[in-house]
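*Asks:* Line by line, the protein sequences are chains A and B. So the mapping is simple: the working numbering equals the position in the first sequence, first residue as 1, plus 516. So the mapping is simple: the working numbering equals the position in the second sequence, first residue as 1, plus 139.
None of these hints come from the bench; they were simulated from the model. Note that the coordinates shown come from a computational prediction; the quantities given were computed from them, not determined experimentally. Hints are supplied without guarantee of correctness; some may be wrong.
What the hints assert, rightly or not - Facing chain B, from chain A, some residues (calculated, C-beta under 8 Å):
#1 535
#2 537
#3 541
#4 542
#5 544
#6 546
#7 549
#8 553
#9 554
#10 559
#11 560
#12 567
#13 580
#14 581
As the list claims (entries may be wrong) - Within a straight-line C-alpha distance of at most 25 Å, the following computed BS3-like cross-link-like pairs (lysine-lysine) qualify:
#15 259(B) <-> 201(B)
#16 326(B) <-> 240(B)
#17 259(B) <-> 533(A)
#18 240(B) <-> 533(A)
#19 239(B) <-> 533(A)
#20 326(B) <-> 259(B)
Even glycine gets a Cβ: it sits at the ideal position worked out from N, Cα and C.
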Amino acid sequence: MKTVGDKFSEKEEISTKAQWLVYFILLALLVITVGVAYIPLGQFNLIFAITVALIKAALVVWYFMHLRETQRLIGIFFGSSVFMLAVAALLTFTDYFTRS
Amino acid sequence: MNNSVRSENSPTHLQVQYHDALQQHESAVAGMWLFLATEVMFFGGAIAVYIVYWYMYPSIWKEFSAHLDVVLGSINTAVLLTSSLFVALGVHAGERGYMKKVMWYLASSALLGAVFLMIKGYEWYQEYLHGFYPGAWHGGGGELVDRGDLYFRLYFALTGLHALHVIIGIVLLSIIAILARLGRYSKDYYTPIEVSGLYWHFVDIVWIFLFPMLYLVDRTQ
Numbered sequence: 517m518k519t520v521g522d523k524f525s526e527k528e529e530i531s532t533k534a535q536w537l538v539y540f541i542l543l544a545l546l547v548i549t550v551g552v553a554y555i556p557l558g559q560f561n562l563i564f565a566i567t568v569a570l571i572k573a574a575l576v577v578w579y580f581m582h583l584r585e586t587q588r589l590i591g592i593f594f595g596s597s598v599f600m601l602a603v604a605a606l607l608t609f610t611d612y613f614t615r616s
Numbered sequence: 140m141n142n143s144v145r146s147e148n149s150p151t152h153l154q155v156q157y158h159d160a161l162q163q164h165e166s167a168v169a170g171m172w173l174f175l176a177t178e179v180m181f182f183g184g185a186i187a188v189y190i191v192y193w194y195m196y197p198s199i200w201k202e203f204s205a206h207l208d209v210v211l212g213s214i215n216t217a218v219l220l221t222s223s224l225f226v227a228l229g230v231h232a233g234e235r236g237y238m239k240k241v242m243w244y245l246a247s248s249a250l251l252g253a254v255f256l257m258i259k260g261y262e263w264y265q266e267y268l269h270g271f272y273p274g275a276w277h278g279g280g281g282e283l284v285d286r287g288d289l290y291f292r293l294y295f296a297l298t299g300l301h302a303l304h305v306i307i308g309i310v311l312l313s314i315i316a317i318l319a320r321l322g323r324y325s326k327d328y329y330t331p332i333e334v335s336g337l338y339w340h341f342v343d344i345v346w347i348f349l350f351p352m353l354y355l356v357d358r359t360q
């Protein structure tokens, strides 16, 4: 009979030290995002802000939410919903962004 | 299926439909991730609307987004990031059976969530005082969108929906913190702690996207 503790035998767990480190990285990224917003970079401002937000979200999902220790299938469930959202959003954008 | 071994040796928290505790745990975690997938759809759709109108009215977006308080927004982001860290540490403690630590970490996170709401409420109040809300301009000429109506409808809808999720998260974390302290969980059964943690992390992630989208539209002079 498997107990809940058995899931740890498959993968090395994420340590609290790593989580603290990720936390400070997230704070640093926050400072960077706000700082860069004041630098005129044209279109690149938006791309930069979204990219940093994606990195921060990925850090939270990977290190705080233990996606690594979760079954691969669940990750695919979640990833596919994000993918479907991207498809729906992109198709919406192709409509509105090409209207004159 | 031989059930007699199961009923004599299985832990009390194990429900009948599961073969073993690990399967039960993984099912619960899968269920929460599935729910979070629906939340991605929910917030993603609303944010997509915001982005479309941003594209259509860039100067208006720049004008009215500038009225949002970047300092308070940044502080709020840091508040939620810290609460997320505490939740992660609380789950870590729960996995090892340190239920007192779980209580402190989760209670602290709930408290930080309340701080977030207070700051947000203060921001909303300031925006109300300055007339930055939908319907603030009664009568008078001009398109509603030019007067910021469209922008602030979306701003209040997005932050309001997010705040509602924060409230739910605070209640959830508080209940789990109390139950942990009352000895309901152990290192063999800490599933509700982990699952509540996942919900809170998602609330944090939504804000991680909302903050730059709302506050950092175009801050260049």
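*Asks:* Take the hints in turn and mark each one as holding or not.
*Replies:* How the hints compare with the structure:
1. 535: Interface hint status for residue 535(A): holds (5 Å vs cutoff 8 Å).
2. 537: 10 Å, violated
3. 541: Because about 10 Å separates residue 541(A) from the closest Cβ in chain B, which is outside the 8 Å limit, the hint is violated.
4. 542: With a minimum Cβ separation of about 5 Å from chain B (threshold 8 Å), the hint on residue 542(A) holds.
5. 544: 11 Å, violated
6. 546: Check passed: Cβ of residue 546(A) comes within 6 Å of chain B, closer than 8 Å.
7. 549: 6 Å, holds
8. 553: 4 Å, holds
9. 554: Since the shortest Cβ distance to chain B is 5 Å, the answer is holds.
10. 559: 10 Å, violated
11. 560: This hint is violated: residue 560(A) lies away from chain B, its Cβ roughly 11 Å from the closest one there, beyond 8 Å.
12. 567: 10 Å, violated
13. 580: 4 Å, holds
14. 581: Holds. Min distance 5 Å.
15. 259(B) <-> 201(B): 21 Å, holds
16. 326(B) <-> 240(B): OK: residue 326(B) and residue 240(B) at ~13 Å, within 25 Å.
17. 259(B) <-> 533(A): Status violated; Cα separation ~31 Å.
18. 240(B) <-> 533(A): Measuring from Cα to Cα gives roughly 16 Å; hence the hint holds.
19. 239(B) <-> 533(A): 20 Å, holds
20. 326(B) <-> 259(B): Not satisfied, since the Cα-Cα distance of roughly 36 Å exceeds 25 Å.
Comparing the model with each numbered hint stated earlier shows that hints 2, 3, 5, 10, 11, 12, 17, 20 do not hold.
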